[in-house]
Amino acid sequence: DIQMTQSPSSMSASLGDTVTITCLASQDIGNYLSWYQQKPGKSPKLMIYGATNLEDGVPSRFSGSRSGSDYSLTINSLGYDDEGIYHCHQYYEYPFTFGSGTKLEIK
Amino acid sequence: EVKLVESGGGLVQPGRSLKLSCAASGFSFNDYWMGWVRQAPGKGLEWIGEINQDSSTINYTPSLKDKFTISRDNAQNTLYLQMSKLGSEDTAIYYCARSSIIPFDYWGQGVMVTVSS
Numbered sequence: 468d469i470q471m472t473q474s475p476s477s478m479s480a481s482l483g484d485t486v487t488i489t490c491l492a493s494q495d496i497g498n499y500l501s502w503y504q505q506k507p508g509k510s511p512k513l514m515i516y517g518a519t520n521l522e523d524g525v526p527s528r529f530s531g532s533r534s535g536s537d538y539s540l541t542i543n544s545l546g547y548d549d550e551g552i553y554h555c556h557q558y559y560e561y562p563f564t565f566g567s568g569t570k571l572e573i574k
Numbered sequence: 308e309v310k311l312v313e314s315g316g317g318l319v320q321p322g323r324s325l326k327l328s329c330a331a332s333g334f335s336f337n338d339y340w341m342g343w344v345r346q347a348p349g350k351g352l353e354w355i356g357e358i359n360q361d362s363s364t365i366n367y368t369p370s371l372k373d374k375f376t377i378s379r380d381n382a383q384n385t386l387y388l389q390m391s392k393l394g395s396e397d398t399a400i401y402y403c404a405r406s407s408i409i410p411f412d413y414w415g416q417g418v419m420v421t422v423s424s
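Top to bottom, those sequences are chains Y and A. Here the first sequence is numbered in our numbering, starting from 468 and rising by one per residue. Here the second sequence is numbered in our numbering, starting from 308 and rising by one per residue.
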């Protein structure tokens, strides 16, 4: 199975900050990588797909990038609404897998 | 509006079976792959599996392949997850989700399954 190593597991940042969350794939997954945001008690929401494509309705403050097997989610100009858990997901090869999640707290 | 509503969860004894349903509306159900994902309390997401439009292809995560069965009824716009030989490790929120070239773009609200005696 493809392992997705996500880091950090948790982080705290201030309003207006820029943060980056990373997932390292254990083997090549091309651009078959998506990012989800999950608020407490809610289902995940798709933010980024194809490593870099912004889902409709997602603010342009969110962006995805790739460098080799490293995939990053960057959030600019942090707001309170960005608090939650972020999950990466590879859909290149079965069984599909998720990263372990990053809990983002806004100070 | 795309809507996915899971049902069938609850408290179940170890070793028993349970069948979850996911009722879809607001889109052409038989045009999409559909999948199941679960989340144990305080844990990350775990991909269970997915089924294609005509049920000819079903993929599972290997550790659950012998316990869980995914099926669908396109006439009823409903996705199912049959779970057997349940253990405490299967206690989780179970989500259904729609998939296409854009993976899991819509999710249901989730249904809780608690395995306990």
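What the hints contain is simulated information worked out from the structure, not anything from laboratory work. The C-beta atom is built at its ideal place from N, Cα and C for all residues, glycine as well. Incorrect hints may have been included.
DSBU-like, lysine-lysine: derived pairs with alpha carbons at most 35 Å apart [to be verified]: (1) A:K350 - Y:K570; (2) Y:K574 - A:K374; (3) Y:K570 - Y:K509.
Residues on chain A that point at chain Y, a partial pick, calculated with CB under 7 Å [to be verified]: (4) W340; (5) A347; (6) G349; (7) T368; (8) L371; (9) G394; (10) T398; (11) Y402; (12) D412; (13) W414; (14) Q416; (15) M419.
Pairwise CB distance ranges (calculated) [as the list claims (entries may be wrong)]: (16) A:S362 - Y:Y547: 38 to 48 Å; (17) Y:N520 - A:S362: 39 to 49 Å; (18) A:D361 - Y:S479: 17 to 27 Å.
Note to self: Check the hint pairing K350 (chain A) with K570 (chain Y) against an upper bound of 35 Å on the C-alpha distance.
What the structure shows: holds (11 Å)
Check: Holds or violated: is there a CB of chain Y closer than 7 Å to the CB of T368 (chain A)?
Finding: holds (4 Å)
Check: Are S362 (chain A) and Y547 (chain Y) spaced within 38 to 48 Å by their CB atoms?
Finding: holds (44 Å)
Checklist line | Hint check, L371 (chain A) versus chain Y [nearest Cβ-Cβ separation less than 7 Å] | finding: violated (9 Å)
Check: Are A347 (chain A) and chain Y close enough, Cβ to Cβ, to be under 7 Å, as the hint says?
Finding: Cβ of A347 (chain A) sits 12 Å from chain Y, so the hint is violated.
Item checked: Restraint check, 7 Å cut-off on beta carbons, for M419 (chain A) near chain Y -> violated (11 Å)
Item checked: chain Y contact restraint on G349 (chain A) - CB to CB distance below 7 Å -> violated (10 Å)
Checklist line | Hint check: 7 Å Cβ-Cβ cutoff, T398 (chain A) to chain Y | finding: Where the cut-off is 7 Å and the nearest Cβ of chain Y is about 17 Å from T398 (chain A), the hint is violated.
Check: Do the numbers back the hint for G394 (chain A), that is, is its least Cβ distance to chain Y under 7 Å?
Finding: violated (20 Å)
Notebook entry, point to check: Measuring from the C-beta of D412 (chain A) to each C-beta in chain Y, is the shortest one below 7 Å?
Noted result: holds (5 Å)
Check: Holds or violated: K570 (chain Y) with K509 (chain Y), Cα cutoff 35 Å?
Finding: It holds: about 14 Å lies between the C-alpha atoms, which stays within 35 Å.
Next item on the list: May I ask you to test the hint 39 to 49 Å on the CB atoms belonging to N520 (chain Y) and S362 (chain A)?
Entry: The hinted range 39 to 49 Å is violated for N520 (chain Y) and S362 (chain A), with Cβ atoms some 29 Å apart.
Consistency with the previously given hints fails for numbers 2, 4, 5, 6, 8, 9, 10, 15, 17, 18, ordered from lowest to highest.
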